[in-house]
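Which chain is which? The protein sequence lines are A and B, in order.
Letter by letter, the first sequence follows residues 1 to 486 of the numbering used here.
Letter by letter, the second sequence follows residues 1001 to 1482 of the numbering used here.
To be clear, the hints were calculated from the coordinates, so they are not data collected in a lab.
Even glycine gets a Cβ: it sits at the ideal position worked out from N, Cα and C.
Any given hint could turn out to be false.
What the hints assert, rightly or not - DSS-like mimics (lysine-lysine), calculated; alpha carbons at most 30 Å apart, straight line: (1) K435(A) with K1471(B); (2) K290(A) with K1471(B); (3) K1461(B) with K1324(B); (4) K290(A) with K1123(B).
To be verified - To give an idea of the chain B side of the interface with chain A (calculated C-beta under 7 Å), a few residues: (5) A1029; (6) G1176; (7) I1177; (8) L1195; (9) Q1253; (10) Y1260; (11) H1286.
Here is what each chain is made of, one letter per residue.
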Amino acid sequence: MKKLRLLIALALWITPASVFAQEGFPLFTHDFPPDEFAARRAKVYDAIGENGVALIQGAPSPAGYTRFRQSNEFYYLCGIEVPHAYLLLDGAARRATVYLPHRNEGRERGEGKMLAAEDSDLLRQMAGVDAVFGTDLLNEHLVRYAYFKRTVYTPYSPAEGFAMSRDLAFRAVADRAADPFDGVPSREGLFVQTLRARFPVIDIKDLSPTLDQLRLIKSPREIALLRKATRLSGLALIEAMRSTQPGIQEYELDAMAKYVYYRNGAQGEAYYSLIASGRNAWYPHYNVGKRRMEDGDFLLMDFAPDVGYYQSDLTRMMPVNGKFNPWQRELYGFYLGCYQAILKAIRPGVTAQAIKLEAVKEMQQLLATTKFSKPIYEKAAQQFVTNYAASAKNPRAGLGHWVGMATHDVGLDSGPLRAGMVFTIEPALTVPEEKIYVRLEDMILITDTKAEILSDFVPMDIDSIERLMKEDGMLQRYPRDTENNH
Amino acid sequence: MSIRPLWLLVFFSLLPATGFAQDSSLYQADFPPAEFQARRAKVFDEIGSNALAIVQGAPAVNGFKVFRQSNEFYYLCGLEVAHAYLLLDGRNRRATLYLPHRDEARERNEGKTLAAEDAALVKSLTGVDAVAGVELMGRNWIGPLVRTPYPALYVPFSPAELGADSRDELLGGQAGITADVWDGRASREGYLIQLLRTRYPQFEIRDLSAILDKLRIVKSAREIDLIRRASQIAGLGLMEAMRSTEPGVMEYQLDGVARYIYQINGARREGYSSITAAGTNAWMGHYFHNQSELKDGDLILMDYAPDYRYYTSDVTRMWPVNGKYTKAQRELCEFILAYRNALLKRIKPGALPAQIMDDTAVEMADYLKRNKMSKPEYEAATQAALKFRGHLSHPVGMAVHDVGVYSNGPLKQGMVFSIDPMLWVPEEKLYVRMEDVVVVTESGVELFTDFLPSTIDEIEKLMKEEGILQKRPPSTVKTMAR
């Protein structure tokens, strides 16, 4: 029985890809089979109940010469990458209906085939949805739900696109609201307002918390993509260690990392690169990238790609001249000890609070046995441990942030760590007097039995970093153009 | 990416905010304040002495992206701050910048940005006459409304370009939103105009875009320097892509190679998404999927340029995947190259674009008499190319399809546009194009990409060299699932 199901899935899988092989590009993702999307939608039906209808708005057309990227939530539920699409999930019938714009031949002539309302059979096969209509019919179909006074759930939180996370998306809404002449409302706000205006009888509720909780636990296929994104992020950091030397520009490491990402099929960046040399590292989100690195600088690099809608988030630090100087060795060395204490304590079935308390014990021992060359360094180290211990008192404070389809991924959970959770840790040690900032960041996956550090192939110990930095890097072999330099 | 836990926030809030000097510059170094003042003076001349002009800057970026100012705002003052406004008062010819106030928490996180508090500094950098907080904007507009006749108020009606876009594409995006009856958003410009109309019905609101377009069509020496550099970097990227091309490579890998060249040479972003189209993918004019594997025997078309300090280029070459042109590919590519050269030599100040195209068609008709095509469909395609009127193409500048019109009158020194001779062979789904960017000089024309291989021999020779993809495979992960 199981085998038969597998065969059917396999058959469904192969058909659409081969039908459109002549297009030269896939019309639908190969990363997830239709039954995975169907299983996710089934969980939404369970959550909204028989009186509920979920309505999800897909991402709009991109403005400009930018590739279309579907919103995370829409992609998560059906995988369809078409602008201005809608997904309707009926909790009673447990049926998924997709509403798409009609075929636009002029545009297809310019950009290649796009899935449209006319591709009903194909879409049902590929995305596993039950029905496909033109967007023009959505109004008419909603009338039925209005008549029976069903509750419509739609996401209230901003949809995430390229290099977006909810925290920054909210900030962008706030920035617009603070501008007295920027009248652009949030897309979600306007959608809810339109729904209310057209169907005042419908009770509208927020779908975001439901989707957030689903996205918190990652499936094996999602984990495979997170692993690939982490692998590319790590390869770029390793290459950065080889390429870094005094005289290079921060943006050259950005260029090199993107080469590694794009060469290996990434669809974009998870976030802007944070490549901060010298005092620039003092700013946790410094993203200007325009400084020439100097001998004696300590460099922070925090960068990752978007691989098939999944992100990573890694940070490493290195001395620009390839040799840790005494203060770098002292502060980074102490920090690394503390950092590894946290990594060691992470395991399934335990809360963040318990892990922190355990790590703090080891940090305190380390503090007692470490000799510091300056009182301000000792004070900074003490402050680091004190702050970390203080954060352990807050039962809702996590270890870092979730990572998934967004870099700062959605989901709230402060209970024991469960299999399928993926997050980073990134404590920061600071010496304000000298504007020194030390941070590492790794991707951690919780499995049934352990915490797997997905990024543990990227060196973090001083010896390995120094050894790698002796090797020739890409920037040495393919330097910037020196003729006609503007 | 760092997310600051609450305890860190508390900790940082105790730190003094002074002395956060940062290594990077806060302001561009490509244009002196006098150049911005001269541009604004032309706007004053155009709007007259009883009018105001208001230009809205770009909104804050949504997500982990580097902020980029809109072209028109940058053009008039060079300031790279989100949610800023520039007021040009034609009555006293004074320029005022309205800026958001300092946000210390954000500066602690991302570094210093210019704010309303930096009035003296902003005035000296941009050459504007006054700097104020955005909240004063509404109040300062009441003054002009106390007495009649009310001044006219100019605002750009066309969508602001924010990088990797052009007006045509932006209007297309707005059309997509309009077609979606559930997406009720107006354009940002539309909202601004609507707010102005409801708050200040006294103002007659007029379009500033047409005035700015007219200014932007003729480029200054400093602008030309930037477009030249953008074109050089674009050319270097294409050369590296030619070296790296071989059967089995993916289209997106050539995209990655070119992007690497752009960025190590100081371009922070793309002028547009690359069109890297092998085989019949090139038949789609704007193919951007870049997901196909390069096949022996195919031609590849690559059209790509960086955004170099707010200026871009537009360069296309086609080359054979296996490094050797077939006889058929050769005859079409040679025809297109001859077409480009015939157009190029006629470009000079005072020449009429329509005349250039007519004269070129005559010369190329003669070329076709001397060089017989090997197939009737090629003969038809090349004859059709003589009648096509798009070989002299769009202006290029801050946007790839830049604003303004040059084709309706005599060419002027400082006009920058692309020449892209092209032809179609529908029977073979074959599209052939070559594209370069030129500037009209005092006495003739400058081809920015004169170093970039164009002839069959030059390209074949370059392709024999090893490329980055062969010499530096940086990953053991061969191909990703997508």
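Taking the hints in turn, this is what the structure says about them:
Among the hinted pairs, K435(A) with K1471(B) is inconsistent with the structure: their alpha-carbon atoms are about 40 Å apart, more than 30 Å. Distance restraint check for K290(A) and K1471(B): the Cα-Cα separation of roughly 28 Å lies within the 30 Å cut-off, and the hinted pair is therefore satisfied. For the hint linking K1461(B) to K1324(B), the alpha-carbon distance of about 9 Å falls within 30 Å, and the restraint holds. For the suggested pair K290(A) and K1123(B), the alpha carbons sit about 24 Å apart, so the restraint of at most 30 Å is met.
With its C-beta approaching chain A no nearer than about 10 Å, A1029(B) sits outside the 7 Å limit, and its interface hint is violated. Taking 7 Å as the C-beta contact cut-off toward chain A, the hint placing G1176(B) at the interface holds, the least distance being around 3 Å. The beta carbon of I1177(B) is positioned within 7 Å of a beta carbon in chain A (closest approach about 6 Å), and the interface hint is therefore held. Restraint check, L1195(B) versus chain A: the minimum CB separation of about 5 Å is within 7 Å; hint holds.
The restraint placing Q1253(B) at the interface with chain A holds, with a minimum CB-CB distance near 5 Å, inside the 7 Å limit. Annotation: interface hint on Y1260(B) holds; nearest CB of chain A at approximately 4 Å, less than 7 Å. Look at H1286(B): its Cβ gets to within about 4 Å of chain A, closer than 7 Å, so that hint holds up.
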